[in-house]
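Chemist: Now for the letters of each chain:
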Amino acid sequence: MSYLELLKLVSPEAMVVITALLVLAIGLTSRRATAVTGVSSVRPPTRAAENTAVAGLCSFMAAAGLVIAAIAVFMLPRNATLFGGMLVITPLNSLFKIICIALAFSTVLLAASKNAPRHAGEYLAIVLLATVGLMLLVGSEELLMIFIGLELLGLSLYVMAAFDKSDIRSAEAGLKYFLFGSTSSAFTLFGISLIYGMSGTTGLVAISQKLATTSVQPLLAVGIVMTLVGFAFKIAAAPFHLWAPDAYQGAPVPSAAFIASGSKVASFVVLGKIVLIGFAPVQGSANWHALIAGWSPVLAALAALSIVVGNLVALAQTNVRRLLAYSAVAHGGYTLIGLVAGGRDGFSAALFYTTIYAITLVGAFGVVGLVRRETGGDDYSNFYGLASRSPLLAGCMAIFMLSLAGIPPLAGFFGKFYLFSVALHASANHGLLWLVGVALLGSFISLYYYLMVLRAIFVEKSAPETDRRSLSTDRFLQKLTVSVLAAAVLILGVMPDILAARILATVP
Amino acid sequence: MIAWTIYITVAGAVLSLLVPRVVARWMALLTTIAGLALTLVMFVRTPIENLAHFTTIVRVPWVPALGMNYHLAIDGVSLTMVLVTGISAVSTVLFSWDVEDRQNEFFFWLLLVVGGCYGVFLSADLFLFFVFYELVIVPKYFLIAIFGSTNKEYGAMKLTLYSFFGGMFVFVGILVAYVTAGSLDLGQLSEFQFPPHLQTWAFPVLFLGFAVLAGIWPLHTWAPTGHVAAPTAGSMLLAGIVMKLGSYAGLRVAMNLFPQGFQMWSKWIVVLAVIGIIYAAAVALRQGDLKFVIGYSSVSHMGFVLLGLAAATSLSVSGAVLQMFSHGVIAALLFAVAGRMIYRRTHTRELDALAGMNLSRILPFAAFAFVIASAASMGIPGFSGFAAEITILIGAWKTYPVAVWITGAGMVLVAAFTLRALKQSFFADKPEGVRAQEGRVALDPDWNEQDSITVAEKCGACLLMFATLAVGIYPKLLLDRIMPAVETMRFLK
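Sequence order for the protein chains is A and B.
Heads up, the numbering used here is the position in the first sequence plus 21, with the first residue counted as 1.
Heads up, the numbering used here is the position in the second sequence plus 10, with the first residue counted as 1.
Think of the hints as simulated: they come from the structure by calculation, not from any bench.
Note that this is a predicted model, so its numbers are computed, not measured.
For each residue, glycine too, the CB sits at the ideal point set by N, CA and C.
Each statement offered as a hint is correct.
Each pair of labels, with its calculated beta carbon distance range:
hint, chain 1, residue 1, chain 2, residue 2, range
1, B, 292, A, 501, 57 to 63 Å
2, B, 202, A, 469, 31 to 37 Å
3, B, 299, A, 450, 48 to 54 Å
Next comes chain A alone, as it looks inside the complex:
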């Protein structure tokens, strides 16, 4: 294979990397206040204007680079395999590369800002590197490459979480996320090494062929559980979710949005591939009265626990970002049901659900970010009277929250219906009804706290003090992004076929 051909196949990733470097270089040209003059307040106005221009250019470059990368994905051949599965191009992988790029794109738009943040170039470069991580993860069917993708993604996300140097909560978020994340990486690596020891290979297809002849031995069980634990950290499934609330609450809003969306989608794609391709012979069964050892009872337990813990703890929150974090735990649980059901239908239901969940959450974080800039916080009380201050944002938030709660005709409702019907279909004699029952009970509970958010927005009146800047002035770009995402949630709810059929067609 010639290098030219290789370069063609990795052109989307290469595009994003080049853009990241370019953005970084442009960011470096912005002059900063010297250490002597101290903080930004004494910056001369001309310099501030210059920095704004540079930041704008960086955002533009990053967005343009992502668009080009998306186009490059479209130009890829339909199927190709490099180096025994290290880089695999299939319609499914290409579709999810596009989705990851789209999520990164909306994150970049949310991060774009008129009053220039410091180090805009560096921030965007890291977002782009994280995107490369996502694309590698999605595009690989080999354990080592998956691990490298995970690490690239993880390290970028730790920095993104801790990026706001002036905020102690951001530092806390970064540190917590880093400690938990690196522990989980260790688990994953340990699990992978055991699997390698058992099967003598790191390619997923080869692993499944090796495992087909063996039974579930203790060593294999440990390897599987360790690998799953590592991913459970990544998708914030209970009881490995403890980093999520602090990371979601403390990290800068675009970072939180990216952690909650892109990272989650890619993790589910990879987790699905590992269990459904690599561990296919040791699925086991999570059916009631017919439990068989394997990975599916483990995932079922994680799912049930996540749904219960996530929803119950979310009830007690008063901060919208923490609430979204705990609800993310619960939604991770719902998505896992698709993997537990297994098979082509189960995988595509899980992928559909996680995709619309990611879209919804980026939008919700977009609204939170705008409210935070306006009022300086993201508690319930900061949302009081949003309906009268900005009907557009209030309407979008209503769409996001109700979609998360699973109210038709929004995408979340169809996603849940799809997941649960697949779970019942897959199991003989309605064996997974118990899990579906838990999930339904969870979504019943969740309606309460989503309604509490909407109550703050629509029912409560805003506080009498009027020194708040009106939301209607600028932020056109962010508002546009949020509106487009809300429209997407609505359209995918009314016509779910445009995404569901596509995913179903690409899942092997």
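Given chain A, put chain B in place with the hints provided.
Modeler: Structure of chain B alone, referenced to chain A:
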């Protein structure tokens, strides 16, 4: 053509959000009148024999991979329910003519509820049906929590959570039916033979989920608090249409899909229905708040519907459908008088306080409307309530004579609480507490501007009174359309 009721209403909802504030109510009125007009045209022009079967109107593939279709159909039962939806919707808008703030939002949520109800009554695909069914829940929350009165946030949340709780069971039932039969089409499902052991547990799950919305005892407590907390329009819609969604769905989906499960459980539904009728009537007798009286009366009247359904003769089920129509109209009228005509002007709904106001002289039209509504509610011959309840009782006589005896006796209670409310609110001769007043009521400082019943209110009330009288005098008008449709349903065979 009747499918356009849904599209027009939803489009009207979106438009009323966008138009200038002052136009919003006209937008809503226009929308609801268009819906009613379509229904009436359909009602007059469709030959009766075409209404015996659930006839497809629209059928478009929606999500082919999962077998979902956008499938609407109509028969006599649906048409009756669509008609009552249209009538209630128009009168509801007329009775919310002077909502003061956030009109756009108000009419948006209102029309969304109406559109969802049209959708439920016309759906012939289980998924589509469930979409509309759940769609109705959330707008109610906003209607009550933003625009309601007494204890509104509690009432709104309670109502929403109860509905969603029921919806959860419905979800399980629908999933099980879908997965077992492999189809979501109501026509195909109602011919599919579900295994008996499945029916024995799936039927109660599904039916109970629906019955929560129909206010079955002991899961009825959301209804009175919700009705009281809601704005007048909200109570009218809730009692008038939304509670009927539950009973309609129980009939169309639960009973049709799982006939054997239904036979096994029907006697328990009868027990709950009879308890509901008597219990709610007894509670209504002791309420001090006029809206609570009406709220409990709704639960009692919905008990008749459940009794009619559970008795499972073609006469009793037809009576139940007729009662759904009749109660939709009567409850809307009762709530309109109590919430709009009385409360808006006196700012109280306490029966003791109202007794001192001599309202029959100040608000003669309101008194007239309330007398008509009460008479219909008590089941005086000549009004729709009588026609419906007598049909139910005669129909149920064959299968559950004891239940008919108890219910017949319980109707005395219904008459008692209705007469008490009527007397206390309008015709008290011995004022207590508050000093008797001639002419104007001093309790409300705004009184001067609205001392007479407005034209909009009169139109709305007349529409409802006309409906109850027309059906009461000539019930064949509806029964001719309902009976054949009921007789083709599977659970009767």
